[in-house]
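Peer 1: Residue numbers (this note's numbering), protein chains in the order written: chain A, 1 to 226; chain B, 1001 to 1604.
Calculated from the structure, these hints are not laboratory results. Yeah, the Cβ is synthetic: ideal placement off N, Cα and C, and Gly gets one too. Any given hint could be a false lead.
Stated by the list, open to error - Over the 12 Å line for every Cβ pair with chain A, so calculated as not near, a few chain B residues:
1) 1008
2) 1019
3) 1045
4) 1059
5) 1102
6) 1147
7) 1231
8) 1275
9) 1291
10) 1334
11) 1350
12) 1539
13) 1590
14) 1600
What the hints assert, rightly or not - Per the computed footprint, the stretches of chain B lying under chain A, defined by three or more beta-carbons under 8 Å from a beta-carbon of chain A, are:
15) 1310-1318
16) 1424-1436
17) 1565-1575
Claimed, not checked - Not close to chain A: a few residues of chain B, all C-beta gaps over 10 Å, as computed:
18) 1034
19) 1040
20) 1097
21) 1205
22) 1217
23) 1248
24) 1272
25) 1369
26) 1604
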Amino acid sequence: MMNTMQSTLRTITTAVLTLGLLSGCAAGGTQMPTDAAGLTQDEVAEMSLHQEFDAYRDHYEHMQQLLRNAQLQVHDGEWEWGGGDDLPGIGGDGVAPLPGSDTKNSYDMSTTRLWSPPGPTDQQRDLQPMIDYFTEQGWDIERRTITGDEEVWATTGNGWQIQYTAQENGDNPLTVYSEPFWTNDANALSTAIYGRSTVKFPDRSLPGVYPDFPQWDDPIINPPKI
Amino acid sequence: MGIEFDDAAASRLIDCGVEVAMTLRASGAPRQSIADAALLDFDGAYSRLFEAARVTESQDRIRLAKALESLVEQLRTVQRQADAERKRLADVTAWRQREADRDLVRASGGLPMQPVLDWSSSVFDPEPSGTPQRPSPVSAVFSARSRQRTGGRSGGRSGADPARLRKFAAVARVQDSSTEQDLVRVRNAWTVFRSRCSWVPVDGASLPGGFADYLAENADDASWIDRIAGAFSAAGGGSLANAALDVAGTSKLPLGLQRLLDPSLTPAEVAAAWAALGFTDADIRALPLTTQLQFAGLDGVPAAQRDIASRAVLSAAVRDPERLYRLMGLPYTYGAVSLDEFREQVVALRDGLNRADELATRVQAPSVAGAQLVGFGVSDGSLVAAVVIGDLDTASNVTVNVPGATSAVDSMDEKVRAANGLLATAWKQRRSESFAVVSWIGYRAPGAVEVPSQARATAGGANLASFLDGIHDSRGSAPRSLTVLGHSYGSTTAAEALAQTRYRVDSLVTYGSVGFTDTTTPDHLNVDHVYATEGSADHTAILGRIGRTDPRDLPDVDTFSADDSAGGSAVTGHDMFPDSGVGYLSRDATAQQTIAKIIATGKP
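Modelling step: build the complete structure from the supplied sequences, incorporating the hints.
Peer 2: In C-alpha cells:
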C-alpha cells in the first residue's frame, strides 16, 4: 500500500516537473538570443554575404564614431594605431555573452588606439576625464585593476563597450569593442573583407581619421595565397 | 668541496642511451623486411651493391647500439664512483669536525689525557681515506663505414621493379627521420653531460659524429635508390647497363645543396651550409618538390626561405594529396594519418595559414605585418607545421606556443587566432617591440590515452630543441626576448626541449600543465624564469599528471592566477582557445593577459 502511494506520488511529481520543463523550454524558445545589432540567428540566416558585408560596414563606421568621441575627451592630437581594425574578431568569447555562439557563427569587432600623456605617470588623473564622459553618457561603468594597470570600462547598452587603460608604463590604450554579432560564416565574411581591403593602415592618426572601408563592388585584390 | 658531477645529467644520458639502443635494435627486422621486398626482381651487379649496402647498414646499426650500451655501462660505473667519492668527501669533512672537537677536549684536559684520546680515536674513529676516488674515463666511440654505390666496371646489366625500390626509399626515410630525433637527443644529452660532469675524463667522443655519419649514409642510400628507380622507370622496364645506372645513380645535386640537406647536421651547421650556398628566393622556388620538402624541415635556415619551400609543399599537398602522401612515406608508416585524414588536415592547415595571412596584415609596426609557414612535413607519422604571426627572422621578441595532447595541424586556425590575440595584448605593454608569435605543432602530440607516457614528449622535445636553437642560428644572434609557452602536454614537451637547448630561453610559461619529470625540473632547464598557472575549473590537467609533478609545486617556479580577477575572466575548462567558453588564451582571460605581459616585459 505504502509502495503504491509512493509510486503514484513519484509519477505525479515527474509529470509536473516534465510539464514545467517543457513549458519553460517553449517559453525560452520564443526568446532567441539577439546579437549586438538586436538580430536573432534566424534573422541573420536570411541574409546574403553581401548583406552581411554591408551591415558590417555600418558597424565599422559606428565603431569609429564611438572611438573618435572617446578619444577627444582626453587627447585631440595624434594617437598610435594598435594594428588594422577592419577584420572581424573571433567569435565565441566576446565581451558579452551570446548563448549558442562559437568561432564559426559569430564575430565581434574592436579597434585600439594608444597615446602617452606627457609628464609623470598619474593613473587616476588620466582616467578621470574618461570616467566623467562615460557618466555623462549614462553608460554603465566598471573599474578594473590588472597587474598594476588601472582600467575603466563602459557598457553603452546598445551593443558596444569601451575600455580605457592607464598602464603602469605610462601608455594609455583606448579600445572599443562590439558585443558579438551573429554571422552565417565568420571565415567567409572575413575573407570577403580582406579580399577587398587595401590593407594600408597608418601608424598614427588624429581622432576620426581612418582609411575608407571597402565597398562590396570593389575588386578582389587580396586572394588567398594558397 | 664537492665534485663536478650532475647525477641528473648522467641519468638523462643513460636513459637516452638505453632507449635509443633499444630502438636501433628493434628497427632491424622492419628494415630487413623492406630490403628483402626491394630485392625481389632485383638482379645484377646493382642488386649486389644494394645488398652490400644493406648489410653494412645493418652491421653499423648494431655496432652503434652496442656503443651506446657500452656508454651506458660506463656511465653507471661513474655514477657509482661519484656516489662513493661524495660519501668519502662527506666522511672526511665529518671526521675533521670530530677531530676538531677532540682537539678542544685535548686542549682543556692537558697532556695526561692525550695518549688515551689518541688511542681511542685511532681505534673507534679512524681517519677516512684521504685518497680521492678516481673516476674511470668514459669512452663514447663509434664510426660509420662508407658504402659503395657504383658498379659500372662489372660491364653487365641489372634489373629491378622501380615501385619496390621507391617503397624501400620511402620507408627507410620514415625510419631514419625517427632515428634523427634520437640523434638529436643523444647529441644534446652528451653535450649537457660534458658540461655538467667535468669530473669524468673522456677518452673518446666520436659517437655523436659517427651516429650522424651513419644517418647521412642512410640518406644517401635512399636518394641513390630513388635515382636508380627513376632510371628503371624512365627506361620503361627491363634491364639497364650497369654503366648507365652508374650515371643515373650519381647525385645530381650540387655539393653545397647535398651538404645542406644532410639530415645529421645541427641547426648551426645548417645555418653555415645555407650561408655558403648563396641561394636566392627564386632558387628555392625552382627546386624540385622532393628537395623543397626536405628544405622546409631544416632548422637553421631563415624563416623567410623556409616559408617559400613550406608553402610550395603545402600547395602541392592541397592540389595532389595522394602524391604528397606517398612522397612523405605515410602509406608505409605504422600509425600514420590515413589518406582521408591527410586530405582534411592539409586543407585545414591551408585555411589556418590563410587566416594567419589575413590577421597578420593588421599587426602594428614595428612588428612585421606578415605570416610565415616555417616547416611543413612529417614527424612520427603525423603532419607537422609551424605558423608565425610576425617575422621570425627579425622580431626582437619571439614567442613559441606549444600545444598539448590531441593537437594536430588541422587546429592551426584556432592556434593562429590565439597567437594574434597574444600579440595584440603584448603590444599594448611594449609597443616599441617587434613581436613574432609561433604556433608550433612540430611533434606528434599524444592521444588522450598516451598522455601518461613520456614518449611523445621525448620525441617532440628533440624537435622543439632543434627548432629553438635554429631560431638563434638562422638569425646569427639571439632575439632580445625568447619565451616558450606550453599548454597541457605541450608544457611537458617544452620542458624536455629546454633540458637540451644550446641557447638559453628567457621564460617558460606552463598553463594547465600535465607536469614535469624529475629530470626536467627548473634547475635542469636552460631557461631564466619558469612561470605556471592552472584554473580552478580545469579538472583535466591533474588527470594527466600521473608520475609527473605539477610545476606549481616546484621550487623556482612563479605561479599566477587563471581565475577571475579584477581585469579578466576565469578559464572555464582545460582548453587553450575553445570555440565557446573561456580558454587560457581567450582574449578576456586573466591567464591570457598575464601571459602577454610576461611575453612583453618578462614578468607577470
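Peer 1: So which of those numbered hints doesn't the model satisfy?
Peer 2: Going through the list in order, the structure violates hints 11, 13, 14, 25, 26 and respects the others.
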